[in-house]
Amino acid sequence: MPNSSTVQDVNRELARKINDEARKNPQQSPYANKFVGIANGQVVVVADDPDELSQRLRQIEPDPAKCFGVEASRDYDEVHEIWELP
Amino acid sequence: MPRMQWPLRRGRPCLQVVLTLSQGGQALTRTLLADTGAGSRHVGFELLFDEDDCLLCGGFLYPSVTLGGAHVGSFPIYDVPVKVPALGFNQNVRAVGVPSVPAGFDGIACFGFLNRFTYGNFANPDEFGLEC
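So the sequences go chain by chain: A and B.
All residue numbers for the first sequence refer to the numbering used here, where the first residue is 1 and numbers rise by one.
All residue numbers for the second sequence refer to the numbering used here, where the first residue is 1001 and numbers rise by one.
Derived from the structure by calculation, the hints contain no laboratory data.
A couple of the hints might just be wrong.
To be verified - Just a sample of chain A residues kept apart from chain B, beta carbon distances all over 10 Å, derived:
| # | residue |
| --- | --- |
| 1 | N40 |
| 2 | G41 |
| 3 | Q42 |
As the list claims (entries may be wrong) - From the structure, some residues in chain A lie toward chain B, with a derived Cβ separation under 7 Å:
| # | residue |
| --- | --- |
| 4 | C67 |
| 5 | G69 |
| 6 | E71 |
What the hints assert, rightly or not - Cut-off 27 Å, straight-line C-alpha distance, at most; resulting in silico cross-link-like pairs (BS3-like, lysine-lysine):
| # | chain 1 | residue 1 | chain 2 | residue 2 |
| --- | --- | --- | --- | --- |
| 7 | B | K1083 | A | K66 |
| 8 | A | K34 | B | K1083 |
| 9 | A | K66 | A | K17 |
The model shown is predicted, which means the values in this text are computed figures rather than measured ones.
Note that CB positions come from ideal geometry on N, CA and C, so glycine has one too.
Input sequences plus hints: build the corresponding full structure.
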């Protein structure tokens, strides 16, 4: 049985592939613009919004260390500014 | 429509949310700086917390997000159950876990979160409020 950090690595890599594919081929990817839930290295939920994803994913796998979510088609490398309080 | 107002903290708008510890279920009240300039409507996260809070409340991960300004680099996004009891708000919200939060606050409520509600001072310049 893989430990949770290994599971998380597998989940993260699968999420990266899903997002890359959705961004490169949005017409072909079934996940484009969807919220995808991954548990134990497998896609288990495809949802239209993050709240639906969260509810369904937590029902399927209650251990958050074994779960991962990805908003397919999002550019996670875009920089978002958070201002610092003076 | 339910409304909740909080006194300004250090002269800045703030609000309080309630988190729940995943082990034991204890409620944690967190006071957040209300910052409409943090993020945009569809930025992919709505709150910033100390990462320890995200972990203690059993959030699962999303891919990391890249921040600039007060926090520079890549930071994890967690799916965290968040409540604002007076408003009947009880949803899972995507929150960035950061190593430090603004002095005097427990995190930041970004525009994406504030924009779920009607927000403002509701004619009281000493308070900030949310209405839904």
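Okay, the hints, checked on the actual structure:
The claim that N40 (chain A) is not at the interface with chain B holds, since no C-beta of that chain comes within 10 Å of its own (minimum 12 Å). A cut-off of 10 Å between C-beta atoms confirms that G41 (chain A) is not in contact with chain B; the least separation is 14 Å. A cut-off of 10 Å between C-beta atoms confirms that Q42 (chain A) is not in contact with chain B; the least separation is 14 Å. Hint status for C67 (chain A) relative to chain B: holds, with the closest Cβ pair at about 4 Å, below 7 Å.
Annotation: interface hint on G69 (chain A) holds; nearest CB of chain B at approximately 5 Å, less than 7 Å. The interface hint given for E71 (chain A) is met, as the beta carbon of that residue sits about 6 Å from the closest beta carbon of chain B, less than 7 Å. At roughly 24 Å between alpha-carbon atoms, K1083 (chain B) and K66 (chain A) fall within 27 Å of each other, so this suggested pair holds. Taken as a hint, the K34 (chain A) and K1083 (chain B) pair is honoured in the structure, with Cα atoms around 25 Å apart against an allowance of 27 Å.
Between K66 (chain A) and K17 (chain A), the direct Cα distance comes to roughly 18 Å. Compliance with the 27 Å bound is thereby established for this hinted pair.
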